[in-house]
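First residue of the sequence shown: 6, per our numbering; consecutive thereafter.
To be clear, the hints were calculated from the coordinates, so they are not data collected in a lab.
Keeping only pairs whose Cα atoms sit at most 25 angstroms apart, straight-line, the calculated BS3-like set for lysine-lysine is: (1) Lys477 with Lys384; (2) Lys105 with Lys66; (3) Lys287 with Lys144; (4) Lys105 with Lys65; (5) Lys288 with Lys144.
Quick list of simulated restraints, FRET-style, between CB atoms: (6) Thr185 with Val401: 38 to 46 angstroms; (7) Arg341 with Ala469: 38 to 46 angstroms; (8) Arg341 with Ile378: 47 to 55 angstroms; (9) Thr531 with Ala249: 49 to 57 angstroms; (10) Thr531 with Ile412: 29 to 37 angstroms; (11) Ala284 with Gln186: 33 to 41 angstroms; (12) Ala324 with Thr185: 32 to 40 angstroms; (13) Val401 with Gly64: 34 to 42 angstroms; (14) Pro84 with Thr148: 37 to 45 angstroms.
For every residue, glycine included, the Cβ atom is placed at its ideal position computed from N, Cα and C.
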Amino acid sequence: MKCLWVPAGFLMILCTLMLRAAPFRPGMPPGEGSGVTGVSHAGTDTDSLHVIADSLLNGKKVAVMTGSLGEMMLSDACPQVLVRCFDDIMDGFSALRAGKVDYVMTAYTTAYVVNRSEASYRILPHHLTNEGAGIAVSKNDATGLLRGIDSVLAVFRKDGTLDAIVGNWIRHDGSDYVVTQFDTPESYTSYAASKGTQAMQDPPQDPVPVLRVGTAANREPMCFIQNNRIAGLDWELMMRTGHALGRKVEFVDMKYAALIAALQSGRIDAIASNMTATAERKKQVDFSAVYFMNPQVLIVWDPGEGSAGDGPAGSGIWAGFLDGVRRNLLHENRYRLILDGLWITFVIAVFSVFLGTLLGAGICALRMSSRKISRYFAKGYITLFRAIPQVVILMVMFYVVFASVRISGIIVSVITFSLIFASYSSELFRSSLESIPPGQRQAGSALGFRGYQTFLYILLPQAARIAFPVYKGEIISLIKMTAIVGYIAVQDLTKAGDIIRSRTFDAFFPLVMVAFIYMIIIWGLTRLLDLLSPKACGNR
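Use the sequences and the hints to build the structure in full.
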């Protein structure tokens with residue numbers, strides 16, 4: 006029982022640091038009763054990016070989302086600006102608040118939602134581009150999907166449907182979002198289809214074709230998670246478009262930077278994620294007509310006087326902690342995202358360890374074989390999977406190796422981590438077996454044991470005792486390694502925390518919560534393996 010104080014004490018320390026670094030500020034968080042509040046802005050004409058860069062951004066650090074229009078604009082046209090790329094723009098806002106960057110450059114819709122949540126994020130009166138967002142389709146599309154989407158958009162624009170969709174989600178008066186109910190079956194509109202488990206599998210045997218739409222559901226009000234389901238302007242537009250084309254729509258939530266790769270590999274059929282049709286992107290994919298104008302803007306952190314750390318440290322910290330629980334876990338049943346992510350992490354880790362151990366034993370046998378070709382193959386395998394970063398291997402497996410096979414991202418993750426785990430466990434097994442004196446084999450032969458009996462009864466118990474402490478560490482490393490599966494549209498524990506952060510704009514609570522959950526998992530697993538260790542090691 007004394008060991009329980011370790012995680013409990015760590016939790017209290019982290020919560021205290023979290024609430025001191027990000028004091029609770031009263032106000033309705035996004036998604037609780039109100040939609041997007043309009044933000045007053047001057048200078049609606051597009052300003053020259055070069056003029057602003059020279060006068061305002063020269064030598065400054067600007068946070069942008071990886072692969073976004075802001076990154077392309079600043080990197081290509083403004084070398085004097087220090088661009089800092091983030092996979093999630095919410096991380097950029099956290100860096101801005103912490104003083105790590107000077108500005109955030111993002112879409113106006115994202116900026117005013119963040120401003121509504123925390124007024125200290127001030128939007129500067131400059132619109133840096135007037136280019137609009139379109140729906141991306143593969144250049145290899147042979148089904149006429151792009152022509153169909155363009156014709157539907159033309160009809161929507163003519164009959165006012167497009168204006169109605171925009172009005173449902175761009176709520177300048179602060180009223181609730183207007184969520185349209187579709188008669189599509191639950192399995193095609195629920196967030197379960199966006200976790201990379203359903204949309205990546207073969208479509209059901211149904212005469213109605215499926216339209217798989219990739220999106221980065223972390224940008225309210227364009228596309229985000231509400232009540233554990235994908236919602237937003239892009240969502241409604243594609244749902245209506247799918248109905249008009251006679252196709253069922255499945256959404257695949259993934260990182261923004263991975264969308265084009267997923268489209269080119271055939272994992273998805275279209276991209277609807279507030280993506281601007283830049284010249285560079287047009288070389289890779291085709292775009293529909295513009296459906297929404299969403300200029301890039303700059304945001305600064307301007308807390309004003311007396312807003313950082315006001316209030317007592319006693320009841321204020323406790324009240325802030327309870328409010329963090331309410332906003333990040335209880336509201337919209339967001340705790341279900343954590344539970345689902347925890348289960349996915351568990352499944353990937355367990356199967357990867359099991360399969361990786363079996364494969365590692367096989368690679369170990371090849372590595373110790375008397376045949377030269379077997380040894381060379383094993384050495385090459387081990388070198389390959391040890392030399393390449395895990396996230397690169399995962400993305401290559403998903404977008405290249407299994408590009409033409411529509412299997413679950415979870416299965417791809419298990420296969421990838423099993424291969425990686427095998428490369429480490431095989432060398433561990435080999436070094437353990439080679440550390441046993443050769444006389445042990447000779448003793449087995451002298452006792453009349455056959456080769457497999459000598460290995461099973463004499464060598465294996467000693468090798469297990471030697472390898473178990475390091476093997477335990479490899480299992481722990483694998484569990485932490487699973488945090489990268491969000492790159493291939495799998496909602497694990499880390500991805501669930503990112504989704505919550507994208508809705509609450511709370512930089513600290515979800516991160517600390519996920520870190521604490523991982524710590525509890527690792528701590529509990531370590532204790533369990535320690536209990537199993539005497540049995541595996543023969544009490545010696």
